[in-house]
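Student: One-letter residues, chain by chain:
4 protein chains.
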Amino acid sequence: MKEKPWQGRFEKATHEEVEKYTESLSFDRRLYRYDIEGSMAHCRMLAECGIIPQDDAERIIGALVEIRQEIEEGRFVFDPSFEDIHMAIEHALIKKVGDIGGKLHTARSRNDQVCLDIRLYLRDVIGTVRKGLADLMAVILDLAEKYTDVIMPGFTHLQHAQPVSLSHHLMAYFEMFRRDEERFSDCLKRVNILPLGSAALAGTTFPINMELTAHYLGFDRVTRNSMDAVSDRDFLVEFLSASAITMMHISRMAEELVLWSSPEFGFIEISDAFCTGSSIMPQKKNPDVAELMRGKTGRVYGNLVALLTVIKGLPLTYNRDLQEDKEPVFDTADTLISTLRVLTTMLPEIEFNEERLSEVLDDGWVLATELADYLVSKGLPFRKAHHVVGKIVGRCVKEGKKLTDCTLDELKGFDEHFGEDVFNVLDVRKAVERRRSAGGTAFSRVIEAVKEGREHVRRLRESLSGDGRR
Amino acid sequence: MKEKPWQGRFEKATHEEVEKYTESLSFDRRLYRYDIEGSMAHCRMLAECGIIPQDDAERIIGALVEIRQEIEEGRFVFDPSFEDIHMAIEHALIKKVGDIGGKLHTARSRNDQVCLDIRLYLRDVIGTVRKGLADLMAVILDLAEKYTDVIMPGFTHLQHAQPVSLSHHLMAYFEMFRRDEERFSDCLKRVNILPLGSAALAGTTFPINMELTAHYLGFDRVTRNSMDAVSDRDFLVEFLSASAITMMHISRMAEELVLWSSPEFGFIEISDAFCTGSSIMPQKKNPDVAELMRGKTGRVYGNLVALLTVIKGLPLTYNRDLQEDKEPVFDTADTLISTLRVLTTMLPEIEFNEERLSEVLDDGWVLATELADYLVSKGLPFRKAHHVVGKIVGRCVKEGKKLTDCTLDELKGFDEHFGEDVFNVLDVRKAVERRRSAGGTAFSRVIEAVKEGREHVRRLRESLSGDGRR
Amino acid sequence: MKEKPWQGRFEKATHEEVEKYTESLSFDRRLYRYDIEGSMAHCRMLAECGIIPQDDAERIIGALVEIRQEIEEGRFVFDPSFEDIHMAIEHALIKKVGDIGGKLHTARSRNDQVCLDIRLYLRDVIGTVRKGLADLMAVILDLAEKYTDVIMPGFTHLQHAQPVSLSHHLMAYFEMFRRDEERFSDCLKRVNILPLGSAALAGTTFPINMELTAHYLGFDRVTRNSMDAVSDRDFLVEFLSASAITMMHISRMAEELVLWSSPEFGFIEISDAFCTGSSIMPQKKNPDVAELMRGKTGRVYGNLVALLTVIKGLPLTYNRDLQEDKEPVFDTADTLISTLRVLTTMLPEIEFNEERLSEVLDDGWVLATELADYLVSKGLPFRKAHHVVGKIVGRCVKEGKKLTDCTLDELKGFDEHFGEDVFNVLDVRKAVERRRSAGGTAFSRVIEAVKEGREHVRRLRESLSGDGRR
Amino acid sequence: MKEKPWQGRFEKATHEEVEKYTESLSFDRRLYRYDIEGSMAHCRMLAECGIIPQDDAERIIGALVEIRQEIEEGRFVFDPSFEDIHMAIEHALIKKVGDIGGKLHTARSRNDQVCLDIRLYLRDVIGTVRKGLADLMAVILDLAEKYTDVIMPGFTHLQHAQPVSLSHHLMAYFEMFRRDEERFSDCLKRVNILPLGSAALAGTTFPINMELTAHYLGFDRVTRNSMDAVSDRDFLVEFLSASAITMMHISRMAEELVLWSSPEFGFIEISDAFCTGSSIMPQKKNPDVAELMRGKTGRVYGNLVALLTVIKGLPLTYNRDLQEDKEPVFDTADTLISTLRVLTTMLPEIEFNEERLSEVLDDGWVLATELADYLVSKGLPFRKAHHVVGKIVGRCVKEGKKLTDCTLDELKGFDEHFGEDVFNVLDVRKAVERRRSAGGTAFSRVIEAVKEGREHVRRLRESLSGDGRR
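Residue numbers (numbering that gives the first Met the number 0), protein chains in the order written: chain A, 0 to 469; chain B, 0 to 469; chain C, 0 to 469; chain D, 0 to 469.
To be clear, the hints were calculated from the coordinates, so they are not data collected in a lab.
Please read these numbers as outputs of a predicted model, since none were measured by experiment.
Hints may contain errors.
A pair counts as met if it fits within one copy or between any two copies, since identical chains are not told apart.
Below, a list of computed lysine-lysine pairs in the DSSO-like style, where the Cα atoms sit at most 27 Å apart [to be verified]:
(1) Lys11 with Lys383
(2) Lys325 with Lys19
(3) Lys19 with Lys400
(4) Lys19 with Lys401
(5) Lys377 with Lys95
(6) Lys11 with Lys411
(7) Lys145 with Lys411
(8) Lys188 with Lys130
(9) Lys383 with Lys401
(10) Lys188 with Lys325
(11) Lys390 with Lys188
(12) Lys401 with Lys390
(13) Lys19 with Lys94
(14) Lys411 with Lys400
(15) Lys3 with Lys397
All chains should be built: construct the whole structure from the sequences, respecting the hints.
Tutor: As structure tokens, this is what we get:
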């Protein structure tokens with residue numbers, strides 16, 4: 000066990016159980032890259048401001064570069080008795096450069112240091128997520144382009160409602176993921192701020208230049224209040240919340256993929272490479288990946304609840320409870336990034352069964368609204384027209400026949416406004432085509448939407464082509 | 000029981016239990032104002048586009064104005080057998096103007112209508128919340144100005160850490176609420192979009208002009224995909240999430256008010272008008288309001304979980320599950336708005352006990368960092384200086400004396416760098432003053448922060464002076 | 000505004016906003032019956048123990064009876080300036096009987112009084128829930144009996160797995176609700192305990208007899224620690240958790256009802272009386288009730304999270320945060336009880352489409368396991384047999400033919416163990432019949448299960464025939 | 000990559016991303032012991048029932064013993080391309096004994112196998128948790144015995160309410176943990192049931208004897224419905240819920256330890272071995288362990304929400320979403336068990352500062368109820384007595400003097416019933432002693448409670464002395 004940096008006033012060594020219970024190295028070690036990046040910027044600033052000699056700064060930075068390399072090459076020993084990644088790296092630093100290594104911690108505390116690390120980490124994660132969303136949107140556009148011409152029943156209440164373009168259905172998800180990207184972008188505004196220099200909680204007495212450190216690290220600005228800076232974890236909650244909403248969307252798409260893969264629906268066939276079988280039933284081909292995506296929504300919701308619970312009712316400023324902030328965020332980031340990637344890879348491997356889609360439209364129920372609209376065009380108020388068509392449908396159901404099977408005479412029996420031209424509206428393709436209102440399912444509208452979407456993704460990717468920062 | 004608008008194809012009447020189970024009028028009636036506002040805009044647009052005669056439109060709008068007045072004057076009878084507020088109003092409309100009332104529902108469905116209503120409602124709520132946050136920030140600035148000169152122990156782990164300006168502590172909350180306001184403002188971008196015209200799910204065949212309706216209602220734009228438009232509830236989840244974070248902040252402040260009111264802390268006295276007593280213990284004066292604020296955080300978290308759960312795994316597009324979207328949002332809005340108002344009213348009624356704050360600083364532990372910094376200024380690396388001071392503290396604790404009681408000789412016994420000038424740093428006021436880094440607690444920094452904050456609130460209020468829309 | 004019972008030491012009146020913010024009368028008034036029941040028992044005990052004169056007790060009880068009647072007949076005025084139901088009733092009491100009414104509050108506090116009320120309330124609720132579960136189980140047994148002979152595909156991953164008896168599928172839900180009832184019964188053990196006499200937190204100096212009060216009220220025992228007694232809300236969390244699990248089960252059944260109602264599945268037809276239509280699409284018949292049940296799961300989950308959040312980190316004993324305990328419990332109880340009732344009423348109104356169930360089994364995929372088991376019976380290890388049948392299935396899928404279409408020669412081409420007798424196992428009825436392991440789907444097993452289930456419900460109802468208490 | 004056991008009907012190999020996304024071996028490998036235990040019992044049963052030859056069974060069991068040893072000695076290679084622990088072990092088995100290893104999977108499926116494993120695992124965990132709770136209760140009893148004679152202010156609203164015995168306060172936690180243990184014991188009834196033999200979902204055609212397997216494994220009974228058996232995860236949710244309540248209790252105790260450690264309270268001193276310091280402030284001694292316990296409540300709440308979310312709305316029977324059941328349970332079990340252990344180790348290392356406890360009682364406010372009770376004994380109704388004392392308190396606060404400083408004349412000025420004997424009740428020790436109601440704080444009551452508690456723990460430990468099963 001190493002001596003603690005704060006051992007001075009303590010008489011007893013930390014209890015072994017406590018070491019294990021309170022250590023965070025086992026999970027915060029993944030922040031090493033950000034910890035070193037932050038330390039190097041801090042060190043440069045300290046030297047620039049004349050707080051530490053330039054020579055010392057160079058030796059420190061050189062040693063940090065070495066440490067990073069050792070970690071990346073797997074040669075670094077993470078001794079669990081160091082409480083956290085900050086201590087593990089500082090200890091290695093001092094071993095390399097001796098006492099001057101101790102100067103690095105001038106004008107900072109672990110309280111602001113860990114906030115810096117997690118902000119750097121999250122900035123990267125958000126960049127990756129936004130790129131992942133851009134890729135997913137691009138794949139949806141591909142599918143939408145491929146299936147522009149295919150008609151399927153649009154559902155409400157999992158009942159056939161009105162015919163829609165399959166592309167239109169897919170583009171609904173495009174919109175969801177587009178909003179998700181916006182939310183991550185908004186969140187980034189509150190992430191990309193430098194807290195380092197807030198020190199333990201009150202700021203520091205050393206004549207530091209936080210703007211300079213912010214500049215080195217690409218931050219938009221510095222925090223405005225040191226006490227807030229070391230206890231603020233809003234940006235993490237906001238990230239978890241944006242992730243929860245994204246997973247909520249993915250869970251909806253996954254639900255549909257599962258439904259559509261069922262023998263009863265039979266709308267799609269997912270490639271063997273994205274399905275698994277059963278250890279006991281040789282015929283099974285299961286849409287496991289989609290199910291698992293739906294399931295993983297649970298853990299992301301849970302992570303959000305976890306962090307909200309942790310922070311509720313905490314007095315200012317830093318409290319050790321806040322150590323519990325990292326694992327839910329890491330787990331969410333990993334889940335979200337991998338889910339986006341797998342979904343993006345899987346979608347092009349899905350074949351829609353156009354024949355089946357056409358078949359399920361065959362009974363014509365989805366055209367009932369057309370009939371009602373037809374009557375409105377003949378002068379009936381909508382409410383009345385609706386009622387008449389309801390009666391017709393009721394009769395058809397009873398007699399087990401399709402809506403399109405009705406003769407003109409039969410229709411006239413319900414309302415005399417029906418004329419020969421009614422059969423023109425009893426056509427799913429026309430029904431789709433006629434819904435030309437903004438955002439409607441008309442083929443022309445969908446083609447426009449895909450085009451506008453392409454342009455959006457192009458611009459987004461351009462803006463992300465740097466390092467994912469705004 | 001009224002006949003349902005969709006009764007046509009049904010043979011059996013709705014079961015009475017089902018009526019009760021599925022009705023939403025008991026809670027969605029509070030949307031009446033938005034439902035009517037939306038209907039009037041829709042009606043104007045329909046007439047403008049020649050879909051209904053101008054005369055009919057005028058009669059409809061006239062009747063809607065009457066209905067609104069009846070509701071506001073409590074003369075309107077909400078018959079629970081109408082499923083929802085939309086039906087209740089439409090029924091009243093038809094009673095007033097006859098069959099032409101049925102024309103209002105042309106080119107829309109309840110699916111897009113309810114989305115419109117809730118967006119109008121939420122836009123108002125967000126305006127109120129942002130104003131409430133501005134008021135709260137203003138009150139915090141007043142307090143910060145009042146107590147600029149007062150010093151208190153800054154806490155980490157609920158232990159004395161370093162001395163800070165009381166104003167600095169208060170301004171940490173200012174920052175939190177400032178971010179909250181930003182989040183609501185970001186959310187508004189995704190709220191202030193018109194869905195009406197998406198109809199049931201696929202758009203409408205009528206030649207409507209959604210941009211016109213959007214213009215009438217002050218929306219930024221129209222939705223891009225009709226299927227998404229009727230099933231999207233993201234903006235509600237996002238509102239709940241922003242509210243949860245705001246309540247999280249309030250719960251932290253409430254926790255501190257409760258702590259500080261305890262006899263052991265004794266930092267503050269809350270006015271009698273904001274405390275309650277006990278039915279059995281005559282001496283009790285309880286900070287109930289702060290406790291209740293902290294407690295109400297629970298319901299807001301719960302509401303967020305509720306809606307996330309509802310939407311998870313729902314296939315497109317509208318499903319009746321979504322009816323469960325309103326109550327959590329209403330309850331959250333009510334809770335948040337009233338909590339902000341009560342907190343804003345209570346804060347000026349709190350007196351800080353300056354004597355007590357000074358007393359608890361008396362043992363000087365909060366100056367330990369100053370001693371360490373002193374040694375650093377004499378050339379010791381920080382880590383070493385920290386260790387020396389730790390030993391001094393340990394000795395003082397053991398001997399039951401204050402840090403400021405140590406003689407120079409005693410200090411020299413621990414490290415020979417100590418000199419007569421050490422006693423200059425052993426002063427809480429100087430300790431505060433010396434933390435001049437950006438966002439630090441130095442009095443000058445805090446005064447700057449208050450000034451900048453005033454300017455921010457002024458600009459924010461200006462931008463909100465209209466109707467709360469961006 | 001009424002003078003508060005604790006006004007003595009206060010100089011300022013409660014702020015009007017605070018009155019509104021802290022009042023609970025608007026929701027705790029529904030506890031009136033329990034509050035009065037508890038007060039009457041307390042009063043009898045006080046008199047029995049000689050703490051108040053018998054005469055006073057009689058007058059108090061008489062007045063309480065009157066008050067209860069006034070409330071039940073709607074003649075009681077709930078003045079919101081009374082903080083809560085306890086104060087409202089006590090005030091009415093004192094108005095009726097004068098100063099001696101003040102004696103009722105001897106040896107108790109609102110802290111223990113509210114705990115008593117909510118325990119009495121919850122005991123009733125649990126009784127109702129358990130009866131509701133018994134009724135639901137009985138209805139499932141009816142259906143299971145009705146459809147014993149019907150075969151359907153058993154699903155895993157929403158894919159056809161193996162044929163099962165429809166009754167077997169239904170009886171899976173029977174098991175879930177049976178466990179739910181057990182959990183409520185376990186919870187009741189921790190509800191049915193008397194806290195009254197714990198007073199504010201420390202017990203009382205009056206020589207009360209809590210066992211006597213417990214006896215009057217039908218409690219199993221009295222609480223063991225007064226401080227725990229006034230701050231314990233575990234039993235509410237436990238109730239919310241048991242309710243969440245029950246709603247989780249209902250959400251699964253609801254999901255299946257929605258799926259099965261879709262045109263693609265077409266397994267069931269729900270009676271018109273339990274469906275609703277669309278205001279725009281005349282053909283729609285939506286399984287709204289099932290969807291809403293699934294959706295209401297969200298609010299119950301949210302309520303659980305709300306209360307867990309409220310209690311987390313509260314120091315002993317009573318804190319005002321705990322006032323937030325009631326609404327989530329009331330809302331959950333109302334939701335659960337009405338959902339159980341509606342589900343129980345709806346289930347018998349569902350018709351299964353036996354023809355359709357048979358049709359979807361027709362391709363024979365569900366018999367693949369039978370083929371594998373056949374090969375095992377001929378000596379192949381299971382893993383090998385599985386592989387062979389997998390190959391056969393793959394070929395059939397490719398050639399677009401059914402498993403039952405394969406000739407013996409074709410089968411032999413995959414493995415020579417196949418013989419003429421293989422066609423005996425290619426039969427869904429036999430496949431069901433042969434699964435005779437404990438809890439298996441064999442008809443005989445299911446009939447047994449239904450019989451045992453009947454007996455269970457009979458015994459349960461018997462035990463609940465009293466007042467719902469254990 | 001290994002060939003999958005279900006590769007038969009598949010043409011394409013699983014996509015590499017899918018392998019990684021869907022594998023569970025990285026976390027379910029910790030179930031190895033239970034998987035092997037279950038397989039051995041299954042194998043014995045198969046042989047006993049004549050389904051496989053006795054010789055084969057012996058070879059299989061022998062190989063399983065070897066595999067277990069290899070795993071325990073770290074010699075087993077967990078190849079991630081095996082999807083899960085079941086496949087990894089079966090593959091190793093077949094490598095050892097050849098084709099007959101394939102016979103082990105007769106009459107079972109991974110669906111029932113994983114349910115068995117997790118039930119065996121959870122049974123062990125519950126045993127450990129119950130023992131951990133017994134140990135914690137024992138330590139609380141020790142403290143309660145040690146401090147029977149110490150008086151502290153009892154708090155409501157974090158204000159001094161009435162004096163209580165410190166032991167009484169501690170025994171409130173005893174009651175909480177006692178209920179927690181009860182809940183885990185109730186949960187165990189629903190865990191300790193054998194699902195193996197339910198096979199994929201429908202039971203098996205092999206003539207197995209599930210009761211025999213249950214007997215070998217120490218289960219109370221076998222599941223009653225195979226479809227329920229493979230999709231039931233209630234017992235996991237119930238475990239998570241019981242854990243959440245336990246952590247809720249721990250968070251309350253932790254909150255108090257943090258509060259009491261603050262300089263303002265100063266009620267306790269936690270041993271150096273259970274505190275940590277600051278990297279920047281040499282004087283800090285932080286109650287980190289208690290803070291972290293409070294914080295870890297968040298993750299346990301989150302895990303509960305995660306699993307509830309996963310299962311909501313899933314159709315029968317097994318769906319891959321359910322793979323997400325394990326990590327929240329593992330994380331909760333690890334968190335709960337370690338937290339219980341650390342808390343049990345830490346509690347005896349806490350010293351209460353009796354002098355400080357006595358000092359904070361000195362102002363006498365906690366005796367206000369005594370004064371009121373005194374007036375009741377002189378004939379005033381309680382409400383009136385309360386009011387009089389409120390006035391006295393108000394005056395004392397204003398004049399800055401203690402309640403015990405009032406002279407008889409001053410008291411008489413408020414109410415003439417005061418007599419010389421009033422000074423007898425103005426004594427905290429007497430105030431404690433007089434609260435002799437059941438569960439009250441009187442010393443005699445507390446001593447009784449500790450004694451009864453000892454007996455309870457003794458009996459509990461006895462019942463747990465076996466293997467943690469009921």
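Student: All the hints need checking, so say for each whether the structure fits it.
Tutor: How the hints compare with the structure:
1. For a Cα distance limit of 27 Å, the shortest separation of Lys11 from Lys383 across copies, 19 Å, qualifies, whereas the shortest one inside one copy, 86 Å, does not.
2. Taking identical chains as interchangeable, the C-alpha atoms of Lys325 and Lys19 lie at most 27 Å apart whether they share a chain (17 Å) or sit on different chains (23 Å).
3. In this homomeric assembly, Lys19 and Lys400 never come within 27 Å of each other (Cα to Cα): the closest approach is 71 Å inside a single copy and 34 Å across copies.
4. Within a single copy, Lys19 and Lys401 get their C-alpha atoms no closer than 70 Å, and across copies no closer than 34 Å, so neither meets the 27 Å cut-off.
5. Taking CA atoms no more than 27 Å apart as the test, Lys377 paired with Lys95 passes between copies only; the shortest distance there is 24 Å, against 89 Å inside one copy.
6. With identical chains, the CA atoms of Lys11 and Lys411 are at most 27 Å apart between copies only, with a shortest distance of 25 Å across copies and 96 Å within one.
7. Within a single copy, Lys145 and Lys411 get their C-alpha atoms no closer than 41 Å, and across copies no closer than 42 Å, so neither meets the 27 Å cut-off.
8. Taking the closest pair of Cα atoms, Lys188 and Lys130 come within 27 Å of each other both inside a single copy (17 Å) and across two copies (22 Å).
9. For a Cα distance limit of 27 Å, the shortest separation of Lys383 from Lys401 inside one copy, 22 Å, qualifies, whereas the shortest one across copies, 48 Å, does not.
10. In this homomeric assembly, Lys188 and Lys325 come within 27 Å of each other (Cα to Cα) only inside a single copy, at 20 Å, whereas the closest approach across copies is 30 Å.
11. Within a single copy, Lys390 and Lys188 get their C-alpha atoms no closer than 56 Å, and across copies no closer than 43 Å, so neither meets the 27 Å cut-off.
12. Taking CA atoms no more than 27 Å apart as the test, Lys401 paired with Lys390 passes inside one copy only; the shortest distance there is 14 Å, against 40 Å between copies.
13. Taking identical chains as interchangeable, the C-alpha atoms of Lys19 and Lys94 lie at most 27 Å apart only when both belong to the same chain, with a minimum of 24 Å there against 39 Å between chains.
14. For the homomeric pair Lys411 and Lys400, the shortest alpha-carbon distance inside one copy (17 Å) is at most 27 Å, but the shortest distance between copies (45 Å) is not.
15. For the identical chains of this complex, Lys3 and Lys397 are inter-copy neighbours only, at 20 Å across copies versus 82 Å inside a copy, given an alpha-carbon limit of 27 Å.
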